[in-house]
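A.B. asks: Heads up: the sequence lines are chains D and G, in that order.
So in this note's numbering, the last spot in the first sequence is 209, and the numbers never skip.
So in this note's numbering, the last spot in the second sequence is 391, and the numbers never skip.
The set of hints was computed from the structure by calculation and includes no laboratory data.
Quick caveat: nothing in here was measured; it's all calculated off a predicted structure.
Hints are not guaranteed to be accurate.
In the DSS-like style, the derived pairs of lysine-lysine whose C-alpha atoms are separated by at most 30 Å in a straight line are [unchecked claim]:
#1 Lys179/G x Lys312/G
#2 Lys89/G x Lys144/D
#3 Lys188/D x Lys118/D
#4 Lys312/G x Lys284/G
#5 Lys188/D x Lys179/G
#6 Lys128/G x Lys188/D
#7 Lys336/G x Lys199/D
#8 Lys199/D x Lys298/G
#9 Lys272/G x Lys179/G
#10 Lys188/D x Lys70/G
#11 Lys144/D x Lys269/G
#12 Lys336/G x Lys310/G
#13 Lys188/D x Lys336/G
#14 Lys144/D x Lys161/D
#15 Lys284/G x Lys144/D
Simulated restraints, written as ranges between beta carbons of each label pair [said to hold, decoys possible]:
#16 Thr264/G x Lys17/D: 31 to 37 Å
#17 Ala297/G x Lys17/D: 47 to 53 Å
#18 Ala145/D x Val118/G: 38 to 44 Å
Note that CB positions come from ideal geometry on N, CA and C, so glycine has one too.
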Amino acid sequence: MNAMDVFRSDFPEEYLKILAAGLRDCYRNANRLIQETYVTLEVRQNTYPWLRRGLIEDMMMSTAAQFGESISAAQVDSGHFWWHSELRAGRIVLTQCASSGEDAPVRQAQYKNELAKKTQRLLFPEVNDPPNQGIIYATLLHNKAAGSDQHVGYAQIRFPKPGLTSFYEGGVDLLVQFPDVFEQFELKEEVIEDSAIPKRIQRREASGA
Amino acid sequence: MRPGTPGFVGARLRAAREARGIITASGLAEMIGVSRAAVSQYERGEQTPSPEILRVLSHVLNLPPQHFIKQQRSSEGVHFFRSLASATKSARLRAHRKYEWLLDVVAFLREYVEFPEVLFPSLGDDAKGPLGLSNEMIEEAATQLRRHWGLGDGPISNMAWLLENKGAIVSQLDFESEKLDAFSRWNPEQQTPFIILGTEKGYAARSRFNAAHEVAHMVLHRHVTAKQFASPSIFKELERQANRFAGAFLLPGNTFLNELYNVTLDTLKSLKPRWKVSIALMLKRAEDLGAIRESHAKSLWMNLARRGWKRKEPFDDSIPIELPRFLPRCFEMLIKEGIVRREELSHRLALSSGDIEELANLPDGCLQPLSPEQDIAAVTPKILKFPQAEW
Numbered sequence: 001m002n003a004m005d006v007f008r009s010d011f012p013e014e015y016l017k018i019l020a021a022g023l024r025d026c027y028r029n030a031n032r033l034i035q036e037t038y039v040t041l042e043v044r045q046n047t048y049p050w051l052r053r054g055l056i057e058d059m060m061m062s063t064a065a066q067f068g069e070s071i072s073a074a075q076v077d078s079g080h081f082w083w084h085s086e087l088r089a090g091r092i093v094l095t096q097c098a099s100s101g102e103d104a105p106v107r108q109a110q111y112k113n114e115l116a117k118k119t120q121r122l123l124f125p126e127v128n129d130p131p132n133q134g135i136i137y138a139t140l141l142h143n144k145a146a147g148s149d150q151h152v153g154y155a156q157i158r159f160p161k162p163g164l165t166s167f168y169e170g171g172v173d174l175l176v177q178f179p180d181v182f183e184q185f186e187l188k189e190e191v192i193e194d195s196a197i198p199k200r201i202q203r204r205e206a207s208g209a
Numbered sequence: 001m002r003p004g005t006p007g008f009v010g011a012r013l014r015a016a017r018e019a020r021g022i023i024t025a026s027g028l029a030e031m032i033g034v035s036r037a038a039v040s041q042y043e044r045g046e047q048t049p050s051p052e053i054l055r056v057l058s059h060v061l062n063l064p065p066q067h068f069i070k071q072q073r074s075s076e077g078v079h080f081f082r083s084l085a086s087a088t089k090s091a092r093l094r095a096h097r098k099y100e101w102l103l104d105v106v107a108f109l110r111e112y113v114e115f116p117e118v119l120f121p122s123l124g125d126d127a128k129g130p131l132g133l134s135n136e137m138i139e140e141a142a143t144q145l146r147r148h149w150g151l152g153d154g155p156i157s158n159m160a161w162l163l164e165n166k167g168a169i170v171s172q173l174d175f176e177s178e179k180l181d182a183f184s185r186w187n188p189e190q191q192t193p194f195i196i197l198g199t200e201k202g203y204a205a206r207s208r209f210n211a212a213h214e215v216a217h218m219v220l221h222r223h224v225t226a227k228q229f230a231s232p233s234i235f236k237e238l239e240r241q242a243n244r245f246a247g248a249f250l251l252p253g254n255t256f257l258n259e260l261y262n263v264t265l266d267t268l269k270s271l272k273p274r275w276k277v278s279i280a281l282m283l284k285r286a287e288d289l290g291a292i293r294e295s296h297a298k299s300l301w302m303n304l305a306r307r308g309w310k311r312k313e314p315f316d317d318s319i320p321i322e323l324p325r326f327l328p329r330c331f332e333m334l335i336k337e338g339i340v341r342r343e344e345l346s347h348r349l350a351l352s353s354g355d356i357e358e359l360a361n362l363p364d365g366c367l368q369p370l371s372p373e374q375d376i377a378a379v380t381p382k383i384l385k386f387p388q389a390e391w
């Protein structure tokens with residue numbers, strides 16, 4: 001059994017769509033709030049990632065609450081004055097992290113590494129926790145679209161390996177799985193078709209000679 | 001008695017002279033070696049030129065001789081010129097005359113080609129007169145037109161194609177004047193909007209704005225009378241309305257402001273490749289929508305000038321110019337299907353091949369002209385021998 005199999009069986013799929021929409025709105029709202037609150041460009045740039053993180057952590061808690069007992073959510077002390085949101089569904093533990101892109105290492109944090117190590121113990125039972133009792137650590141990795149702070153350009157759920165520099169096989173690309181969610185926000189260009197093709201007027205030939 | 005040219009239409013000579021930017025009859029007289037009075041008499045229809053003078057006129061004005069024996073089209077109505085006030089009367093007249101030639105070209109094509117259905121609604125009818133349109137009504141009209149044309153509120157990929165798809169005749173002409181950008185006219189005979197864009201300031205962002213500005217005239221001001229149009233205050237107001245409409249059409253308020261989260265010149269610059277409008281227009285639009293304070297706008301305008309963006313903006317060279325393609329395709333089809341031969345078009349349309357190429361946005365030199373001898377021979381029997389046959 002790989003991490004993705006566990007994820008599919010334990011994590012409510014309908015929640016993923018809500019998570020995707022929530023993430024979309026967090027990016028949008030972070031931008032708006034920053035613009036409304038700060039005047040100086042540099043202050044906006046400094047503050048934006050922190051505000052966005054706060055909104056996403058908060059969104060994870062509030063959206064999970066809609067799922068009653070199937071997902072539990074908690075604010076967990078990360079140490080060093082920080083807290084983070086952890087969602088638990090079956091054996092899945094989900095956190096979030098901004099990422100610099102696909103396959104980029106997860107930003108280092110002690111709690112993430114500890115969770116990743118627990119996943120390893122499940123996947124390699126010889127180490128050895130009893131199978132079906134340990135956890136699978138999943139993280140929602142996300143980043144903005146190129147050139148736009150308010151658009152999500154990357155959003156995947158991946159399974160970090162201990163050390164946080166690589167991933168177990170499998171994952172969920174939220175942009176691919178829920179294109180409609182992100183299209184609702186992404187304003188598409190009105191593509192004008194090249195359709196003015198002249199047609200010859202068909203005339204009835206005169207009868208007779 | 002000197003032989004004349006039966007059927008010679010003096011008004012055609014005057015129109016041709018004006019189309020070539022020859023302002024006075026004496027200017028033309030000098031070029032063809034006759035008196036000013038003679039040219040005036042030709043133009044007034046009091047006398048017709050001899051075949052020799054016709055040949056010279058044809059050569060000097062670069063038009064086939066039969067051009068001067070076609071009836072002149074009626075040109076009543078209002079031309080909406082998008083130009084600086086300082087654009088010369090001669091530049092406007094030249095553009096007007098070329099529009100008349102374009103009418104001939106389109107009328108010719110309509111004999112063979114089905115044109116797209118015209119889908120230009122009249123949206124300014126609720127206003128009480130041309131001054132009765134409020135900004136809210138203009139914004140609403142821009143939204144209505146987008147919906148009428150099945151568009152959402154995103155950036156429009158190609159304005160020239162859009163207008164042609166909706167039935168406008170779009171042509172791009174060299175106005176030979178830096179002060180004339182574009183003009184449009186609702187043609188009542190063909191019930192068709194003609195939108196003529198200039199090539200002088202060949203930047204896509206500017207051309208797209210000009211196109212949207214002319215659309216405004218076609219949907220908001222179709223029923224403006226020549227008398228109203230002649231009033232400077234009304235003209236100024238119509239231009240303001242058309243500019244407002246163009247901004248609203250190209251940059252719908254809700255969606256544009258969603259993306260314009262931070263009104264700086266750099267943010268506007270980053271949005272330019274996506275919306276394909278000028279930074280100046282985006283800044284003006286932000287002002288119109290109340291997204292920035294007056295003092296902030298003022299400083300942005302100053303910075304824009306300081307960066308040299310009033311003359312040329314970033315991406316001006318990289319956004320491709322949107323070219324009309326319906327008229328050139330019509331000619332391609334007619335020639336390809338053997339309906340007309342390329343070398344006979346000049347004779348059939350009574351225009352030089354270069355003029356047809358320009359009016360229909362065909363590649364330079366693609367229509368081979370007949371030699372002057374062939375051309376004169378083609379028209380001579382009609383103008384010299386026809387009277388004898390009658391007698």
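A.B. asks: Give a verdict on every hint.
C.D. replies: Comparing the hints with the structure gives:
1. Lys179/G x Lys312/G: 16 Å, holds
2. Lys89/G x Lys144/D: 53 Å, violated
3. Lys188/D x Lys118/D: 43 Å, violated
4. Lys312/G x Lys284/G: 17 Å, holds
5. Lys188/D x Lys179/G: Violated: Lys188/D and Lys179/G sit about 35 Å apart, past 30 Å.
6. Lys128/G x Lys188/D: At roughly 37 Å apart (the allowed maximum being 30 Å), Lys188/D and Lys128/G break the hint.
7. Lys336/G x Lys199/D: Since the Cα atoms of Lys336/G and Lys199/D sit roughly 13 Å apart, the hinted pair holds (cutoff 30 Å).
8. Lys199/D x Lys298/G: 52 Å, violated
9. Lys272/G x Lys179/G: 24 Å, holds
10. Lys188/D x Lys70/G: Judged against 30 Å, a Cα distance of about 50 Å means the pair is violated.
11. Lys144/D x Lys269/G: Given pair Lys144/D, Lys269/G holds - Cα atoms ~19 Å apart, limit 30 Å.
12. Lys336/G x Lys310/G: 45 Å, violated
13. Lys188/D x Lys336/G: 38 Å, violated
14. Lys144/D x Lys161/D: Between Lys144/D and Lys161/D the Cα gap is close to 24 Å, so the pair holds against 30 Å.
15. Lys284/G x Lys144/D: 28 Å, holds
16. Thr264/G x Lys17/D: 31 to 37 Å: The hinted range 31 to 37 Å holds for Thr264/G and Lys17/D, with Cβ atoms some 35 Å apart.
17. Ala297/G x Lys17/D: 47 to 53 Å: Since Ala297/G and Lys17/D have Cβ atoms about 42 Å apart, the given range 47 to 53 Å is violated.
18. Ala145/D x Val118/G: 38 to 44 Å: 39 Å, holds
In summary, the structure is inconsistent with hints 2, 3, 5, 6, 8, 10, 12, 13 and 17 from the numbered list given earlier, while agreeing with the others.
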